[in-house]
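These protein sequence lines are chains A and B, in that order. Take the first sequence: its letter number 166 is residue 166 in our numbering, and every next letter is one higher. Take the second sequence: its letter number 353 is residue 353 in our numbering, and every next letter is one higher.
The set of hints was computed from the structure by calculation and includes no laboratory data. Watch out, some of these pointers could steer you wrong.
Here chain B is said to cover these stretches of chain A; the calculated rule only asks that three of the stretch's residues, wherever they fall, bring their Cβ under 8 Å from a Cβ of chain B [claimed, not checked]:
hint	stretch
1	103-110
2	119-127
3	256-265
4	291-303
To give a feel for the contact side, a few chain A residues facing chain B, derived at Cβ under 10 Å [stated by the list, open to error]:
hint	residue
5	R130
6	P570
7	I585
Every residue gets a Cβ at the ideal spot worked out from N, C-alpha and C, and that includes glycine.
Number of protein chains: 2
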Amino acid sequence: MARRLWHIIERGFYPDRQLHHETIFTIGNGYLGTRGSFEEGYEGDTPSTLVHGIFDHAPNMLVPELVNVPNWLPIHITIDGTPFRLVTQASDYMRPQDGLVLGFERILELDRGILSREVLFRAASGNIVRLIFERFASLDNEHILAQRVRVIAVDGSPQIEVEAALDGDVTNAGAQHWLPDMTVLAENEVIGLEAKTQQSSYVVGIASKLITKSAVQHTGSGLQPGLRTSLQLAQEDEAVFDKISVIYSSRDVTAPLTSAVAEVQKAAKTGYDQLLAQHTREWSKYWETADILIEGDDECQLALRFTTYHILITAPRHDENASIGAKTLSGLGYKGHVFWDTELFALPPLTLTQPQLARNLLMYRYHRLPGARHKAQANGFEGAMFPWESTDTGEETTPQWSDPQPDGTRIRIWTGDTEQHISTDIAYGVWQYWHWTGDDDFLKRYGAEIILDTAVFWGSRVEEKNGRYEISQQIGPDEYHENVDNSVFTNRMVVWHLETALSLLDWLKNHAASDHDRLAATLKLTPDRLAKWRDIIARMVIPFDAEKQIHIQFPGFFDMEYIPVPNYTPRTSSVQAIVGHSRSIQSQVIKQADVVMMMALLGDQVANREVMLNNWNTYYPRTDHGSSLSPAMHAWVAGRLGLMETAYDMFHHAVHIDLHDNKGNVRDGIHAAACGGVFQAVLFGFCGLELTPEGPKLVEPRLPEHWRRVQFNVYYRGAKHTFEVGGPA
Amino acid sequence: MARRLWHIIERGFYPDRQLHHETIFTIGNGYLGTRGSFEEGYEGDTPSTLVHGIFDHAPNMLVPELVNVPNWLPIHITIDGTPFRLVTQASDYMRPQDGLVLGFERILELDRGILSREVLFRAASGNIVRLIFERFASLDNEHILAQRVRVIAVDGSPQIEVEAALDGDVTNAGAQHWLPDMTVLAENEVIGLEAKTQQSSYVVGIASKLITKSAVQHTGSGLQPGLRTSLQLAQEDEAVFDKISVIYSSRDVTAPLTSAVAEVQKAAKTGYDQLLAQHTREWSKYWETADILIEGDDECQLALRFTTYHILITAPRHDENASIGAKTLSGLGYKGHVFWDTELFALPPLTLTQPQLARNLLMYRYHRLPGARHKAQANGFEGAMFPWESTDTGEETTPQWSDPQPDGTRIRIWTGDTEQHISTDIAYGVWQYWHWTGDDDFLKRYGAEIILDTAVFWGSRVEEKNGRYEISQQIGPDEYHENVDNSVFTNRMVVWHLETALSLLDWLKNHAASDHDRLAATLKLTPDRLAKWRDIIARMVIPFDAEKQIHIQFPGFFDMEYIPVPNYTPRTSSVQAIVGHSRSIQSQVIKQADVVMMMALLGDQVANREVMLNNWNTYYPRTDHGSSLSPAMHAWVAGRLGLMETAYDMFHHAVHIDLHDNKGNVRDGIHAAACGGVFQAVLFGFCGLELTPEGPKLVEPRLPEHWRRVQFNVYYRGAKHTFEVGGPA
């Protein structure tokens, strides 16, 4: 009965949902992600395989992007000369010679990380075959990709021809990142490609082998080397075709294609069945800790597993120089860039359930401190100022201008300049990681330097005015309001940051004196600097309305036009899109959790229950959730406030963002932040998970009314703890 | 939290699903059904209101059909002169002057019988309104139909114009059933139409009234009388428009329009809120008994409620001369005709949970005994031979020819001639009703006559050959094999029928001697006739393979080509459609439960467990479920055999037939038989409900693995019994 609560099932093929479903059905293993495009292709498809860390900055593009590597998926099958493809009765171009698809079903097995597809197909000859496709990206050996096609002669005795190919003729939506002179290999029943990126000079090598009982011959041409076999099937007989592929890059080895060829020969000897067994064994290990059990809500249970799956397949497992992009490895959206989405949304589930992967993500930031220091310096500040958008280099890669609008103009993008809270978000991720894991080694050697040098940045960033500290020209989480002064989220998080930096220094002094001294020396943590931090903590402007007992998102916020967001229901676009950009930015419409986000992150450090409720009642009806980051944070805070109906509505929305594609942009990739956010909504928001001095505890857990039981695991200081809310009374 | 398990929710409007969803969102009250078409219309829509019993035989049509009555739905709204309609961004014809739909959500509340829709709409002027539509067909007074539209000015201060209309220009997919000279009424702020059918001379009268705060004026022309009002809305203000309509026919009253006008004035005084309260109170009474609770499977819980809803809204409540058509009142499919689907599929849920409604359905058959006797006589038989397709008259109304095929030819339809088991199916329904209800009055006065006179038919129908009784030229439930000799289903059910007739006579003799004597006299139940019945019971051919210990669907069945149906997976069409008609009828491919159906109906009367399993293993892999009647019966029998995985698969398929529209024909109406079949699969198949001499009992209940608890109610002899399977150990 695994199907119900573990399988994402697509019944029937609908071309208008093709790109959405390509994203949904992405497979991956923390090394690469491959969209759920079809082996045989389909008009308008966007097959993409993205490998962590392989960025390139193409000519005429504003910024670098993750590069779509050569396509390892192609398997072309002909039945009695009819090419198999998804010709449906709805197709305009259906002609008898195209054959006909009689049935289609696709399943993503979340529990085993396998994508499969079954199709019943009638060739022009009248013979009918059943095709069963299966593919996985090995979690056991992350370079190995495996495909199996079973062809069953259902009616008649058809002639089957199978061609397994590689395709080096790939771009990023038209942008060419590869040098034209790829190496094409075709020998000993192995095909291969080796390619180098134009600007960044990364080399990627891919090799494939076709394994079947009938003779295999080389075929193909140009950048599409292929392997072909053919046979005649007796009625009701079955033929099996396995294609094993291997990818290496110059980030892994010195001669990627050579390594790929060697590995593919080895994997072919191991065989598909054994590779599959190793793969699924690894998956079951991951799920043992990662799974959150929800009893009483099948729909959300399945959706929550879907979000966990997508976090797991994108988190780098053996790589300290890659991180999770805003759209994971499942699409080209945001060009594979890394945002605050990682540390505040996608990281916490890993910190709590797969701490070794969380560590990798934080090491990615540690290794990019030079870039952050460079950005601080270039902007006239001290310390480390992390880029809003980050790639392999660690330099700021936020484009300054948008893509052209319908009228041809471009809009200035300010986030790379002024959405500076990212540095504190990263510090928060480090601090949370250390608190949960107790990984002192990491903190002393790497994490402390991140927290402290970003604190140095803030110490140089704040402005002293009229005896108070201010921060002007910021973008808080609510990106509808750009370059505001004294964003309460930013200012208050900076206070937390400096407090944390001071606590950290105390801890280091007591527990790692030599590290303390080393960091104090290299980062110039002079007594004057620390005194200034203390002064900032004491005198930072925290916009607050004492009469109404609410935080003010930024001074002047309430002077703008009030637009009652709940009236704009139902809607498929944001209120900003409905009322227009110029009006919305001069109104109180909020894009996403901002003051609410602050309450999620800092809880009762920042407000008592009365102020929390006041803030909620003020900001919730002003928020249009124009960002996918918003609903999960609202579910979290509403859960803490005991507003369980709203909490559930927000959670339900958040956990289905990718499955329902309400905003129509899932074609660009999975929303990593939403995937990580729903985990936090359940654990921190509903179950009340807190890290107390005695360890993790559930404080006033409250489930949505119809949830009977929630069970989950977290690691605390290396030991696994299992928690349960609800259950047998 | 009613939404999750009681509401069918449509998020966003997709024109390609329009007709499917029109069917899904049908409302009704046992008097009429109205498809979920929109108040303002949409290109290609098929608004239909079908009233029980209003049939007409149009010129040039082969058979009569249920008539689409004048449309009571139209409400046309303009915002600042922009007509409101579902202009979506996907529309080809989107132009600024069309306005734009910014959001859409539609909900069918199964618990309260209310269909609602919310739309956010921007007029060409730029002003934005939120429109909330609500409609219901009163379950309290079945002539009353109510609509409410709330218009909220979300942005700007728009001028609103509302026109509520009736539309007499309606056809059945082009077939004109109404005489052209309708009466059109427009006075005292009431509009009305009265129309007469061409051939059958039924008269239908409809009156409507628009209730709102602003002044109402008459408008419209021809067959579209209207009522118009207009007002300007201040920003954030709301206007409410109620439209109350009333329908009467000449089956109810002598002057339908006059009655409708009087009733609509009365209902308008009662007011929408009060009408709604009365309506929902009635619904809660129905659900109190009708609901089957499934814990552990939210998806099936909702779907099962959906099927129950559709049985409840189509079952006549105060009418002994109407019955449930194969497609309910939700579409024009099968022309509103009544098949065996009623007695063997849709009736049992009513017999067990709403016995008064079951009685109405059986009285419909009783009143049509003259037609059945006429059919018997015309075919050279005695007694009563019910028509395969039945309408108001009780005459056979199965068309002899299909609609034209793509090549212009028509196919001969034999079911009206040779699918004769219908008479026994009706007898089965009567006997089951009496057993459960103990309604002796019904049996003595009406039911017995049905069972006995159809037994008389069979006594004259069987053929004596070589010392055995045979029945030649039959169509059993498996309609792929027409005019076969000795269908085991038919022959065995006839044996059951004659046994039942004899038991019934015994009972009558002991409990109602005068009725016994009356029936014996009028139906000529002579000792010779009864002796022949006993002889038939003893010597009927029951095709059985003693060596393999299986029933034979009909002699010669296994001589035909064997086609392994499971290989034809996945498929959206039947295997018959895939391999072609001429091949399939000469093969062992079975359309639907046939021997399996016999096992469902007769259980261990017909076979011990070993034979049941042998039959299952023989026929299940040969059945392509080309009929929507099949999966639920398979779920039932698989449940009894303890094959719970298959049982669940079949149940899941059956309960989603209309919601998933796997066969693409839901546009023609709800599958009534599937709706009734799933009820029986749960109660008889999974829970093992049996009527024992001591009353109803659960015998060896077995639930699908993940179902934790099932709870349901049944009436037995006037008393409500609540049963539970699973639950706290």
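Hint-by-hint comparison with the structure:
no.	hint	verdict
1	103-110	holds (count 3)
2	119-127	holds (count 3)
3	256-265	violated (count 0)
4	291-303	holds (count 3)
5	R130	holds (6 Å)
6	P570	holds (4 Å)
7	I585	violated (16 Å)
Taken one by one, the earlier hints fail for this structure at numbers 3 and 7, listed in ascending order.
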